[in-house]
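Peer 1: Listed in order, the protein sequences are those of chains A and B.
Using this note's numbering, the final residue of the first sequence is 362, and nothing's skipped along the way.
Using this note's numbering, the final residue of the second sequence is 565, and nothing's skipped along the way.
Rather than coming from a laboratory, the hints here were simulated on the basis of the structure.
Beta carbons: idealized from backbone N, C-alpha and C, even for Gly.
Keep in mind that a hint or two might mislead.
Partial list, derived from the structure: chain B residues whose beta carbon lies under 8 angstroms from chain A [what the hints assert, rightly or not]:
1. Ser194
2. Asn219
3. Gln221
4. Gln397
5. Asp481
6. Thr531
Okay, here's what each chain looks like letter by letter:
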Amino acid sequence: MLALQILIDGFAISSLYALGATGFTLIFGVSGVLNLSHGAIMVVAAVIAWWVAGTFGAGPYLGALAGVAASLACAFVTYSVIVRPIQNSPSIPREEKEIFVLTGTLLWGIMLQEAVAYLFTNNPKTVRPLAQGVVMILGVRTPLNEILTAVLSWTAIGLLYLLVNRTRTGKSLLAASMNPRGLTLLGFELSNIYILVWAIYGVLAGIAGVLLGAFLGVSSDNAGTLTASAFSIVVLGGLGSVSGSLMAAYVVGYLETMTAYLVSPSIRTVPVLLLLVAVVYVRPQGLLGRR
Amino acid sequence: MRISLRNALLGSVFGCALAMSCAWAPTARAADPIKIGVIAETSAISGVGIPNGAKMAAEEINKAGGINGQMIEIVDYDDHNSAVDAVRAFQRAAQQDKVAAVIASYVSEVVLALEPWAGRLKMPMITPGAASNDITKRVHDDYDHLKYVFHGYLASTQIADVVCEASKSLMVKDLHMKTAVVMSEDAAWTIPLDEEYLKCLAAGGLKVLDHIRLSPDTTDFTPIFNKIEGEKPDVIVTGISHVGVQPTVQWQQQQVPMPMYGVSSQATNSTFWKDTNGAADGVIFNMASAPDVAVTPKTIPFAKNYQAKYGNLPGYAAYTSYDDVYMWADAIRKAGSTDPDKIVEAMEQTDYVGTIGRIAFLPKTDTFAHGMRIGEGYITGLMVQWQKGNPVTVWPANVATGKMTFPSFTKLPE
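Using the sequences provided together with the hints, build the complete structure.
Peer 2: Below, the structure is given as structure tokens:
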């Protein structure tokens, strides 16, 4: 019974982690950007969804849509106001651009987080779930919303897989991650590809934020933890490897759930951090890293 | 030493100016406002009530003529829930902004960090919402240095006693409950709370099956609720303040079949219903005063005015912060100056009917030195339940405005 409970709970939270980390790793894979405002963008999505659904009485569906739209807008602003000017700046030496982007996105993330705290307080908000009620799975009472979270996460990841592997646009994304210069020689406009990848990122982070808001609830204080969690998963899976991130998301999700159930909920994240340190020592390229 | 005429002239002009400035100073000071510093985390819903409540009281006092003609000015500082920021704000308030007294924070860790500074800078301070027993214990142990600190809210042990007292009639007598699991967050204020819970719940007829302390950073409460459910208690007795929305929503989404009852500070805010999308329905929590109960003749008017001014009902620390400004004003009036020792002396004589009850501070010989007197005729505390979007007082019976009801997924003992 306990094993089944861990299996079900772990699956839901891991799926959500996977979705959150996918966008994060995609951006890194394609454009080499580590976006440290990731957690804040997820928080914006969740809080806007809560606000539109609750305060305006627009209902959960419109609320969720507004949350994803807000995340998309944030992603575009992150790219066009923070990342692109740094990348194009002639006054920043090429080898320092990465660190400037890291700092820029980190500060932007803090600005977003503070703005949310200022406008909506840092009290946690919960997005009205799309599905209410519980179902029994082999004797384990499971909220419908938890199942829906896992299903929607995997639907989004599945659609991303189809896009990347089955469409010409998607394949160009893959090509950009392998050889950006080759792609420009073939006549592709690299900046268009970057805009596309940031758009995909915005949607994925938005869905992840809204689902997290409905599943566990989100406060502006969570922004840092969410970025750190996506970062850990991506490092564990191998920087830039989407399949590595998916696998790592499950390792992290299940390790946390097992710790919470079998040891103590208050040290839930500790074993994951230990594992991360071990991975950095023993296999710095991560589980499925390409280096 | 030779004194030239020029030097003598300069000296006398300077001396004259100095004498005049001294002579003028009291008049200038009389026109100056008396400043009261307010330090709180303003982005938190419990925190923002502290400056809001204080400003309302200051406006009312000023309208009525101020303190012997001097107006009160509230100087507020945001501490971002950080002890370091709070200490900086406190130093600035005392040394630069020259406030006469401070109202500080609802977070025990922050207040405990400020306490030695109140002693060092001889700055009268009261907390409207922190609960740790250590706040008053330190005053008791080192009165000469820390007598400037007052506790404007119930100490953890006192809160636990109120919750236990109410559980005798609500849980044991009315609902025939026999067992409980204590679930509280890991924080300074819950250490004495839990200690007292374990003693007084059992004494009141509820056997404690387990005692779970959770990290205030917890976001996923599923494993905790599953563990509790496995132990089959009749009720979950809570001690939560930093967390609140998330456990409540997950309790409702997972349909955990036992009621949540006890201390849940976030539940005291009127936005709690909206923040939880109504998942709060059925949650019972402790408060010193509620917007639907005339604890004193001042309670309901304050709640109404607060709602009219700020758009939502006051959280627990807004009531106390409002009372605190009145008490500082009275103390300064009685002291006849802003001399800290005289203010403390006057504050110790406080016998004031505020929004939360009749307030008097315990003497320095008491373990809870400068804490509030609790019990019949003073502060008694209430138990309030969220019902269909409204906080309804369910205990004590003489002031209750409704009966307990629970969501359909709750299974009560036969």
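Peer 1: Run every hint past the structure and note whether it holds.
Peer 2: Outcome of the hint check:
no. : hint   : verdict
1   : Ser194 : holds (4 angstroms)
2   : Asn219 : violated (38 angstroms)
3   : Gln221 : violated (33 angstroms)
4   : Gln397 : holds (4 angstroms)
5   : Asp481 : violated (32 angstroms)
6   : Thr531 : violated (28 angstroms)
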